[in-house]
Every structure is written in structure tokens, then in C-alpha cells.
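Visitor: Both chains are sitting in their own frames, so use the hints and assemble them into the complex.
Top line first, the protein sequences correspond to chains A and B. FYI, in this note's numbering the residues of the first sequence are 1 to 136. FYI, in this note's numbering the residues of the second sequence are 1 to 824.
What the hints contain is simulated information worked out from the structure, not anything from laboratory work. Treat each hint with caution, since some may be false.
What the hints assert, rightly or not - So the derived list for chain B, only partly shown, Cβ under 8 Å to chain A, looks like this: (1) Thr384; (2) Tyr385; (3) Val396; (4) Pro425; (5) Asn426; (6) Val787.
We treat Cβ as the ideally placed atom computed from N, Cα and C, and that holds for glycine.
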Amino acid sequence: MKKSSIIGLLVIAIAIAIIIGFYGSSSTYGSFADAKANSGELHVIGFLDKQKELYYDATKDANYFSFYMKDKKGQECKVVFPGTKPQDFERSEQIVLVGEMRGDEFHASHIQMKCPSKYTQDKVEITEASAKKADL
Amino acid sequence: MDTFKGEHLLPGQLGQLFVILSFGAALFSTISYYFATTNKDPLDNSWKRMGRIGFYINTISVVGIGVCLFYIIYTHLFEYHYAWEHSSKSLPVYYIISSYWEGQEGSFWLWGFWQAVLGNILIWRAKSWEKPVMTVIGLSQILLSSMLIGIEIFGARIGSSPFILLREAIDLKSSAPIFAQRPDLYQNYLSYITDGNGLNPLLQNYWMVIHPPTLFLGFASMVVPFAYAIAGLWQKRYKDWVQPAISYSLFAVMVLGTGIIMGSFWAYESLNFDGFWAWDPVENAALIPWLTLIGAVHVLIVYKNTGHSYFTATFLVLISFVLVLYASFLTRSGILGDTSVHAFTDLGMFWHLVVDVAVFAAISITLLIIRWKELPITKKEEETYSREFWMFVGAVFMALSCLQLIVVTSIPVWNAIFKTNVAPPNNPVTLYNVFQAGFGVVVTLLMGFAQFMKYKKTETNRFFITTGVYFVCALLITVLIVYVTGIYHLRIVFSLIMLGAIFSVLSNGKVFADALKGKIKLAGSAVAHIGFGLILVGAVIAAGTRKVVSVNDTGEQYSAEFAKRNDPKENIMLVKNKPVKMGDYVVTYMGDSLSMPNHYFKVDYKLMGDDGKVKAEFLLKPNSQFNPKMGLVSSPDTKHYLLNDLYTHVTMAPLNSGMETDTAAHSEADDDKNYDAPIAHEVSVGDTIRYREGFIVLKGLDKTAHVENIPMTNKDIAVGAILEITTHGKTYTAEPIYMIKNGSVFDFSRKVEDAGLKLRFSKIDPQTAKETITVYQQPENKRPYIVMKAVRFPYINFFWSGTVIMVIGFLMSIFRRNKELKTV
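Looking at chain B on its own, in the form it has when it is part of the complex (with noise of 0.2 Å):
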């Protein structure tokens, strides 16, 4: 065995205990829960104990590996391959935990640490469903725990530890061969291990710090009403588990449903694709058991209020989380490869993940055959106006536009399992769009008129009128919106989608309305409809009617390559301090300012009235992270206003090799080099000196003028020529000097960086009593410049704040939930 000086082998001994007895516990807890639950004797509690004794070893090892683990990346201890690759020194505390979800293994950890969380309230409040419920629970959790494990057996290895260290995972003597050779350097690596990868930049941002923590909470508490729909079945109690299954579908769609909205969030704040939504595997992958489990929660409530539809209320509360456990296999397994940008990559747990999925499939699967025949399935036919059976027609087409969405995102999974090579589809935005719209405009048809039928039986003649009023007002309004915001353009379907959330908007709330005069604790739904009907109109007038704002239209600059093809350009070059006509604006690239590791750009925006003058001004200052090992990153940065943003980030920057130039190494010709062939001009004190971007003006000469460390004598002569240089409304002063030094001409340049300039006083002519300027001009290339894009996104607001009332509305409906679950 070699030794190596200086690592901290402790924590990860101790942190890799916690993950053994974690998995240990979970698996105890499970195997004590089962036989409690099959136990017969109803006074034996010893199984019941040893479960929930197990369950709280599983929690405390959770947590220690959590406190190990973060112990690691506080300390640096960077000879541990996570705190090397995800973490480094000038990260700020606060990022430490977004350095815990960057890597497989601590997104494992989040998702365990929520479950047991839930896991020890379902032991706290479930009473007579904690056995069953908690068997299920444990399953999950042993499957979890087991991803952390890390250990090979039978040559393969099972799970990925987070506290490997970094010569296991790496094998140092490759990647330096310096250590191959000098054993005595290898034993001491340590010491040239200095900093970590550092986190990715664009994880860096504070929505990052609680989006991932939301969403997988969301994730997790998804195996509560899964856990209860099993032993509904295991334990034939086929109506008892509707009701809590109720309260945790609403929190886990909730918490799930923020989770989602808060990535959404952080793209648009912080990624550059422009935009809140872009169907990206790994946003499907979370969309998609979303939508099932609303479904679920709508049929739930059917079968509660008549008894029907209780097989599609146990199948979408099952498949939801077996859709979960999919998505993790899809975002997890590297399967995504080629599709997705931001999938993690294989940690080698390809087979491990499916077997995850395999086995709630197959125990959901298993137990729906074996009790078919017990099912309370209703014969009777649903009344056709009958609130059921709409809810449960909207159900099923929210469970279709699932589907459209796995098939069309499982497309790797395909071509692995089929042995095909069919590739994406070459527009996938606008294939989910038409195909999510469609299915909207049915959902949201439904969500409207559904909300005017009763239980069981309605009057036919009321519904049609009050209906009717209803969609003639959604009407009119679309129609107004649709032509005022321009989404005519668009295809049909999103015009018919905007009358849906409008009608829908408009019916729920009504029975808010009529929520207010009664109980108020009865609006939740409607509260959440409003919200997700907002949500859409939102999303469809932003995403549909977005405009570039930053079009080149400045004709000069289309090369011959470009001229045949009319594609719309969206990005447009600012030099530094020459500003630029953008749409409305004008806008001047102002400058930088660095703190580090962001470097920010400084844009003024001014908007430009008919009249010419200058209506409004701002500064948006979008920045690019240069990061030495993972290049250039750009973030936005957007002027929010109440009705649109105007969203900036810069597309290109001389960033990575502009901060050499700063450095002063460079001779006077090799400077010469960055201008334009040099100009001088002979002119008298007052005259004008006129060039490409403005004019100069000599005012005086200073013959007091004097050069910082050059002693001068009595013989020499320093005379400074004072330059007021005037370029796009900014005025500079700069002073060159002429020398005359022990009978030797020197003359010291002065450059004016904001304009662009070099000027030298080069020469004075005693007989013409004439100077010599001499004017470099920076070409446009050699100056700083910017290359960014604009986009104004109109009505984004409807979005953000439909989804802080639909988060209200299930708020509303948990709390009303539980109140009838106390009183049943």
C-alpha cells in the first residue's frame, strides 16, 4: 500500500459509514414494516417499532452523510474527487451548497434526505397506513440510499460514492506521468492539488442555491400518494387511501410545480437561450409527471365525490411516480447524450437506474393484475353533463399529452432499445408547441365550462346560457388580445389556446366570485385555475410574440455571403463609446467593470422619443464569466417593466484574449501595430483637426509640461500640446509632449482609450511657428467592442405572477384537504 502525505481520510471513512448504514437501515426498516403489515396479531407492535427504529438510523445516516459531505467542500479537501471536481477555494459559502447538486451523487443525497423528512411525518401522522405506506417508503429509500454506496461486488460496481477520493477516481499516473515516474512525487500529490474545478458558472446564481431543493422535494414527495395507492391495493382498503392520497398529490404538484417554474425562472435570468421554456429533455423529464399526477389529483376527487373512475385515478397516481423514477433514469443514465445540454453524464449506474424503474413498475403492474377483480369499478355510465365525466376527459388528455411528450423525448431511448438511428426532430420547440397547444385548448376548454356543471346531474338549459355568456366574453377579449399582441400571426392553435385560458380565467372566476360570498376556503381550485390559465396567456403571448429588438440594419456591413440569404440578423456590434440606433433605442457600449469572476459590461439604453429626444435612460449591465477551465460564460441581464422586459446578453466579447493586451509589454511598434496608418497634421494653436469619429482641437501648449521621472536641466525643452478631442457628444482632454533631451527629440505619446486614439506632438517647426500632430486611430477591430442580443418579451409578467396564484390556489385546496381529512 502506498501512503500519501497530507489527506484527511477520516470524513470520507466516516461519511462512507453513514452510506452503508443508511442503506443498511433502509433496508431493515422495509423488510420490519413489510412483516408488520402482514402480521396478523394486531397487538404484536415489535415489527412496527424495529421498522420505525430502522427508518430513524436511515434519517440520522442521511444527514451525517449530508454533514460529512458538505464538511468536505467547506474544508477544501480536494485529495476527495467531489470537493475536487465540483468545488474550489474562492467559491463563497453560500455556493457550497450548489456544489452538493452540481454532481450525481449529491442530487441523490437532496432527493433521500426529502424522502426521509417525509418519511418521518407519514410516521408521525399516517396512524393505521404507517406500515404499508412506510414499506414502500423504505423501498424507495433503500433504492436511493443504494445509488451513494460505491462499493463493486461481483465485478460490477453498484451506486456512486460521494466520497471517493481523487487517485481512485482518476488515475493521476496518466494524466501526470511526472508521478509514474517519482514515486516519492506521487505519495506526495496532494501538495500539487491546489484548487478544485470550481463550480460551473452559470450554477452560480441564487436561484440555483434553492431551485434544485424545491424541485427535488417535489420529486420526492411524488412517492407519497404512490405509496399510498400500493397499499390501498396491498391492504384492499380500496376507498380509505383517496382521501390522504389527496392532500400529498396537491403538495407534491405544488412543490413540484414551483420547482419547475424556478428553473424556468433561473434560464431566463440566467441562461442565454433566450427564453423561459425550451423543451429540453431535462425539462420534459420534469413536465411530465407533473401532468400525470394533476390528472391524478382531478380523477382522485372524481372518485371521491361519485365513486367513478377509480382505475384511472390508481393508474395515473402509480405511473406518476414510475414516471419519476424514468425521468431520473433519462437525466441520469448519459442516454440523453447527443439531445440534451444539460444531462448529467453516465456514472456508470445505466442498469442500476433501470432496475429502479423496473421495480415499481413492475409492484404497481403486479399488484393492479392480481386485485382487477376487486376494483370498485362502476358499471354505471358517468352522466354526460356531469362534472365527472369532463374532469375525467381531462384527465385522460393531460395523460395524452404525456404521451406525446415521452415519445418524443425518449427518442434515444428508442433508437438504444429498437438498435435505430432516428434523430431528433430538426425543430422540436415548434413540434411541442403545436402539439402542447393543442392538448391546452382542450384542458383549458374543460377547466372553463367543467366549473358550470355539478356532480352527478345538471340542469341542461342553465349550463348552456351561463356557459354561453361566458364564452362570448372570453371571446371578445381573445379577440382583442389576439389582435393587439399580434399572436394573429401565429398559427391558429395559439389563438385557440388564448381563448381557452381566457374562458377558463374568466369562468373559475366566477366561482371564486361566488367562493367569496360563502366559503372562501372553497376557491382553492379556483384560485389555481385562474393561475395556470394565467401561466398560459403568459407563456403563449411572451414566447409567441418575443421580438428581437437587436436587428442589423445597418445594410454596410452584409457581406456578399450574406446578401443571397435574408435571415433575420440578430445580433449587433457596439465599439466601445460609439453609440448605436437599436429599434427604438440607442444604445452605447459604455465600458466594463470587473468583480471578479464576473466581468460586466456596461450598456446605456436610451429610448429615443419621436421628437429626438431622449425619453428614458438605463444601464443594463450583462455579464461573461471568463473561466479558465470552462471558457467563456454569459449571463443576461434584463430591464423588467410591468408589461415587458427587455432582455440583453452578449453573444460575443474579445474577453480571453483582450485581458493579455492590458499588460505592458509591448514595444512602441508592436503598439503601432493595433492603429491605422498614423496622420499628422500641422496646425497653430486653436486649429481643428478633424477625423473619422470627431475633431480635435489644439488649445494651448504647456510649456511648464514635464514627464514624470525624467530630471530635466535648464538646456531641455518639454512642451505638452493641450488636446480637447470631441467624439460622439463626450469631450477628452490628452496631453503628448515634445522633449528635447541633451540635444536628442523625444516625444511621449498620450492614447485616449474611450475614442479609440494615439496622439503624438511630433514635431515643432520654429521658423512657421507650426506643431505637428500626429493622430493613430484604432480600426474598429482592435477597439473593445461588444457583440449582444436584445430581445423584448412582452406580458412575461402574467407568467411569473399566474404561477404565485396557482401556487396560492393549491395552498388554498391542501389547506381545505386536510381540514376534511380530521374530520372524516
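In isolation and in its complexed conformation, chain A is listed as follows (with noise of 0.2 Å):
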């Protein structure tokens, strides 16, 4: 066989492991019904429940952190996450979760936070409006 055709295969099988890598590593967006329903690790998107209790009390351990979210179907679940609060969670739109449920909590071992605000805040503040409208 010549040496050109051995180096097109060599290619063509290390373009399948690639893609077979990769569809066996990615992972779908599910709910929470659907993490109850599957072990393993999935993404759930959801949304801040702001009504209810944040926990993080870092005298009590820094590395405890556990929220209420409501998934996109609007299913609401306790979340856990084994460390410390991310920085501006309250003001997040939008979360992504990565983790697994277990019993009735989900424990998270990721979470993104969408927060619009951070790179583009199309929203004019008009707090010095309101203080200077009594003078006029």
C-alpha cells in the first residue's frame, strides 16, 4: 500500500475517534424531572427563585452554598453547591447547573451564572433623576 493512502486512513480514522469523543462526552440540557429521572451528570437551565432563602454562612463552612431554582419547564428544586457563592448571584438572569440530583436536592458541580448586566447594561440609571427633580 503506498505510504499516501495509509496516512488518508491514519487521518480519516482519528477524524471518527474525534467525533465519536465527542458525542460521547457531550452531554444533553435536561429539567430537573429529567436529572431525577437519569443518573449522571447533566446541564439543567434555569432561574433564580429570589423569593426564596439563600444559604452561605462562611463561619459555618466556606464551602456550603445551597439556592432554589426553577428550571425552564418551571419546576422548582433545592440546589446544592459544594463551595464557596459565586459573586453577584442575586443579580444572575439566567443559571446553568451541571450536576446530578440526589434523594431530593441537586448537587451541583458547576454553575454559570448569565448576568447581562456585567457587559451590557443598556439601562440608564436615573437615581440622580429623581434627587434632581425637586429643584426644578
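Guide: Now the structure itself:
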């Protein structure tokens, strides 16, 4: 066999391996219900329930943070994160969790927040406007 | 038309004029250069002259845009959206430059600026290549200029202008309803906009002043080899384009590589993701074209020396630039959305960016197809024992490693195209590490043994003996390193890449040593290879064996919830002035220092020897910035040693609320809530009061005590209790006062903030001659504290020094190739 054909075959084999490796390792976005049905890690997108308690007390345990999140289907679940409370967590508009269900709690190994305010903040602060209004 | 008070419209109008002019001039220049290229009459230089004039006007306009934008930001004209969004009055001048590239428009401008500079260099240097090469550069300049136009054509907005006004960008009437009701206020809206949003605190770092310009110079310079490749195909000059393309490719990979590592250094020094590389899509987007162009440089050299691999060389050069554009699509179109934390958000330029990629991809593919039959592709196979064959294999492997990066990074793109809902891998870092290390093993081994081969044909016996000797040496060194650093705990692939990296350093070291005896100018590639090998050595050890030092092993602080889990606990809490043992260190949170807007936490490190004595002591000052609009942003501080770094950052601090408690507006009763229930002690002078964290000695009574602003008469009595507090090896004094004035009893408490104490002198009993001292202790959660994480990065200096060596290698190669260019 010619050398170029060997290399060609090798390249194709590795390309296939890459794609299989990609599908093997990729996961799916799901809901809390899916997390309950399946074991293993998965991604859940949702929103922080700002009415319920955010629990973080560094003096008790600097690596325990819990909160309640609603997934996109509206189901709510307690989430436990073994780490410090991410900065600015309360301001998050959307949260992506990676983790798994343990009992009734979702144990997140990774939290990604989307705070659009950090990068685009298209709202004018009008605090000055209301303060100055009096003397006009 | 509404008229508005206080707006400065001239700089924006001038800037917008330059925007339109730069686009028009680029268009004019490209068309002229196109006809100059296709013009058959060699004496007719009129098209070329027009092309040059067009490009000069474009360059002047691009500079004009930059000047106008700088003026707007520098003079705080917040009527412009860009200035309002990305800067503020408190921003130091040198960070005004950073605010240029916080927004997309500014970074497009930067790219266009570098491309204009490179275009002028080419007009000056490219000689016979000027016409076709400048046609391509001009086309790229048209597309870049169009990104800044920001005008609506047929209902679709083309590009996004940095000179758009705040009131045009944002509907002020809906965000401030008062403006809708009162037109008189709306006309005067500018007087309410007192300051801008300010620059993201993370970008307020000196690396952020130089990293983006370097990176964009790298991106911009990748158009040059691309333009040469296109020109070569177009003009059927299949051989001549390679030599200048090698020089410019080397320049591009050098600058882009430096830019990437600068970004990595910035991340390491000022971001808190505990490392220097996170495989974030934005990082990958810059790395992908770098890898393909590195591959391209190697096959270009192969082609130049042997005539083999023509197609691969052309293809890799072309795809590298298309991938640069694809990278800009990924990071700027908003498509990465959920998967990246620092991509730009969409500015409505999604399809514009797609067109940009499609135009250059289409040109490349079309030309390759049209010229396919004429391409100088050799029918003869390369020799197995030839350098060119293995360089070719190496380039193919680099391209494959890119494929893996592209496939995984582009998940959101696949989702958008195929309407699927695939999430990114749960553990992308491990996935990338393992795959890329696998490719790295092959590439580094090739980098090693290809050095012992010659072009065309190599004598096999000699080759096997030398390679064998060096390989065995590399193996011995690797075993030692793997054993000492503990890499063997990791996956086997990381030990293998260590072997490959060491092997390539050794064999290139030999080439370098040989070059020292002969022509030092030829050593460039060896130096660059050694640098690259060292980068890998440093990266594998530092990332693979990085160790969290701040292990929380206090035991009792585990909640029931956590006792079930055995997660490594990586953050420790430090209460002010209370030393905590952390690994070999005793760390103490000493206090804060403010240098607005940064809030520095002073953390004292004492390295303890086995004998219990302090071997070394140093202070680290990680900082946090509480930005009212962006929240708490922390930056680490790092103690650099020659062989390892100790990195510390604050993950949690009661900063935002803590600021308010300093105001003295609290009543005494409220204040007491911050303390545990008081304990009263009856003592005499010389007695000792024990409390949770130390002891207090009543040293004596001060009969002449007085309180400021309270006049005393001779009937009044004021007595101070002189107290000496000893806690955690430190001594403080305090003097609470007991006072009888006009027959009423008062007492004035004293606080020792650093010890978390409040002390009252609450009673004097004349019969027993005993004094009552009431001790208020602050519970730990009311005392100032920080939660911090400390990580040790071993041997990370290999990573940084490898980078410097690699850049030196690139520079040497560029000089060498330029010499060849002149003589040929």
C-alpha cells in the first residue's frame, strides 16, 4: 500500500475518533425531572427563585451554598453547591447548572451564571434624575 | 426634531464621516487594485496609483476614527453611547485605551488599524506582488470598515458605529419614564447623565492595555500570507509566493502566540479561575488559527526545500485566515451564549459576520478548484526517511488537533444549524486536555526525531543510533520528572507528552549546539522548538500537579450535609487577626487597605519549619473591587518563587454590606446585637479576665480620665480602667471609662475592633473595692472575615520562560528568512 493511502486512512480514523469522542462526552440540556429520571451528570438551565432563601454562611462552612432554582419547565428544586457563593449570584438572570440529583436535592458541580448587566447594561440609572427633580 | 442641550455633536459627526470615508476608500482601493492586477499593459500604472491613493485615504480615515473616539472618551462626552457604556470619569488615562476594546466596535477598529499598517508596509515592500496582494488586503479592509458603518440599508443595519448617541442607542423614555412625561426634562437629559458605566474592573489591568493590541496584530497579520496564497493562485505564480509567505507567517504566529500567552498571563494574574488556561471558547478561537498557521509554516518550508506538499501548504495558509474570521464570528455573534463567560454579546451583526467568513472561504475554494489541474502537485512519494515526510505528518496532526478543538468549541453552531440541543461536555477541560495532549505526544516526538533527518534522504543507521541515544536520555529525565512531580498520578497521556516534550527539547538542544559552532542564524527553529517544548513541560506540571493549599481540615465546621460527601474543601475562612494553619503555612488576615476603587486584603503568610519556628514570612494582598454596577470582582495576588508560585484569592468577603456598618448611625442597643451576651467580671487591679480568645489584665485605674467634650466639675468623677488585652500573641490596650456626673452614672465603652471586643467599665463597688468590667465578644460571623483559596502552581516558570524562548526563536527565523528573501 502507498504511504499516502496509509496516512489518509490514519487521518480518517482519527477524525472519526474525534467525533465519537465528542458524542461520547457531550451531554444534553434537561430539566430537574430528567435529572431525577437519569443518573449521571447533566446540564439544567433555569432561573434563581429570589423569593426563597439563599443559604451561605462562611463561618459554618465556607464550602456549602444552597439556593432554589426554577428550571425552564417551571419545576423548582433545592440546589446544593459545594463551594463559595459565586460573586453577584443574586443578580443572575439565568443559571446553567451541571450536576446530578441526589434525593430531592440537585448537587451542582459547576454553576455558570448569566449576568447580562456585566457586559451590556442598557439601562440608564435614573437615581440622579429623581433626586434633582425637586429643585426644578 | 427635538433639540437637546449640552450635546457635542461635532466629534461624532466627524468620526462618522471618517467611518464612511474609510469604507468608501477601501472599496475604491480594492477595485483599482483589481483592475491594476488584470490590466495587461505593464506600463500603465494609473490603476495602481489609484489603488494606493485609496488605501492611503483609508489609513488616514482609520486613524481619524481612532482620534475622534479617543477625544470622546477622554473628554467624557457621555452623550455618546460608547463613552457612556465603556468608560467613566474616574478612569485613569491609560485605561481609556483599554475601554477601546471592551466594546466590539473598538476592537474592530483596532483590527482595521493594524491591517491598514500592514497594508502600507506591503505597498512599500511587496514590489511585483503589490497589486494582487493589495486587492485581497483591500477586500478584507472593506469588510472590516463595513463593521463600523452602523447605517440602516433596506431595513437592516449594517455594522455598528462607535459614534452612535446614547439617546439613539437606548430608549431613554422607556428606561426613565419621567422623560416621556416631561419633554422639557428630556431635552435636558444630558444633565442627568453624570457618569458612564465604567470599565469592567477585570479589564483594569496593565496586561489588558497590551494584550488586545498584540492579539489583534496577530489576527490582522494572518491576512498577509493568505493574500500571498490567493495572489499566487490568481497570478499562477505557484512558486514565488512561498518565500514572502514564510516570513509573514512566522511574524503572524510569533505575534499571535505572544498575544495568546499574554492573555493567559492576564488570566493567571488577575482572574480567579485558578489557572492560566481554561479551554474557554474564546481562548480556543484564538488558538485554532495559530495551530493551523504553525502547520502551514512547516509545510511551506517543506515545499520551498523539496517541492513536496504544495497543496497542503496552500490549504493550511488559506484555512488559517478563514478560521481567524470564523473565530471572530464565534466570539462576536453571540452564538456562544451559554458556553462562554467572556464572549461578546450580539450587536445584530450575526449575518454580517457570516458573510465575512463565507466571502473569503468562497474565494479560496473557487480559486483552488479553477487552478486545481495546474497546481504543482508532485506525483512522486516522499522518502520515508526524509525530513519533509515527517514535517508533513506533523502538520497533518496539528490540523487534526484543530479539528477536535473546532468540533467541540462549535457545539452551539451545530445546535443552530441542525436544530439540535446538545450541551457542551460536562467536563470540557479534561476532554480537551486528554485529546490535545494525545496530539501533543505525536507532534513533540516528531519535533524531536525529525531534527535528525535530512531533506530528501537520510542515512538510516546513523539516524536510528542518534535518535535512540537521545530518546533513552529523554526517557531517563522524564522518569525522574514524572516521579518527583507526581505526574504519574495523572493519566498516562500526560507522562507521554512529558516524554515527547523533553525529547524535543534535547534533540533541538543538539541542533542548537551544532548551530553555535557553525551558523548561529540557522538556530531559529531549534530555539523556537526548545521554547515550545518548555511551554508544554511547564503547562503539564503546573496544571497537572497544581495543589490547593487552603484545604479546610478544621473538622468541626463540616455540616451534616457535608459529612456525607467527601468533596475536597478548597476554601478556608479567616477571621481577622486569628491565625489559621494552612498546610505548611500559618496565615492571618491582618486587615484591609483601601486604594479606591480597590479593596486590598492583607494576608500574612508564615512558613513554619518542622521545629515550629518561622522560616519565612510574607504578605499577600489579593484584592476585590466592589463596583456598584457590576458587583464584587476579585483579583488574586501571587507569591512568585523560582520553582513554584503560591496564588491566593479571596472568594468571599462581606464587602458590599460591610461598608455600611462603618457609619456610626447605630444606637447602642443595635450595636450590642453584634456581640454575644455580655459577661460581667468583678475584678481588682492586677486581676486577669479570661475570655474565648485570650485574656485581659486590669493594669490600673486612671483617676484623671476625661471624655472629650464633656466638661467636668469638681463634684463629678471619671475613672478609666486601664486594660491590657492579649490575644493570638498580640497586645492591645483599652480604657473604658466610668463616670458620675450630676449624680447620674454613665459609662463609656471602648472597642478593640481587631480583637472583636467591646469593653465596659460598668460598676465600682466602694465597699469591696472591686470593679466590674463587662466583656462583649463578637461572634465570629460578625467579625470581619474573608474566605480565601490558595493554590500552589509548581514549575510554572517553565511555561513563561518557554514562551520568551519561543518568541526569540521566531525572531531569529524571521531574520534568517528575510535574508534569504533579499538574496533570491
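Visitor: So, for every hint listed, does it hold in this structure?
Guide: Verification of the supplied hints:
This hint holds: B/Thr384 has a C-beta 7 Å from the nearest C-beta of chain A, less than the 8 Å allowed. For B/Tyr385, the interface hint is violated, since its Cβ never comes within 8 Å of a Cβ in chain A; the closest pair sits about 12 Å apart. A least Cβ separation of about 6 Å between B/Val396 and chain A falls short of the 8 Å threshold, and the interface hint therefore holds. Residue-level restraint check for B/Pro425 holds (minimum Cβ-Cβ distance to chain A is 4 Å; threshold 8 Å).
Look at B/Asn426: its Cβ gets to within about 5 Å of chain A, closer than 8 Å, so that hint holds up. Annotation: interface hint on B/Val787 holds; nearest CB of chain A at approximately 4 Å, less than 8 Å.
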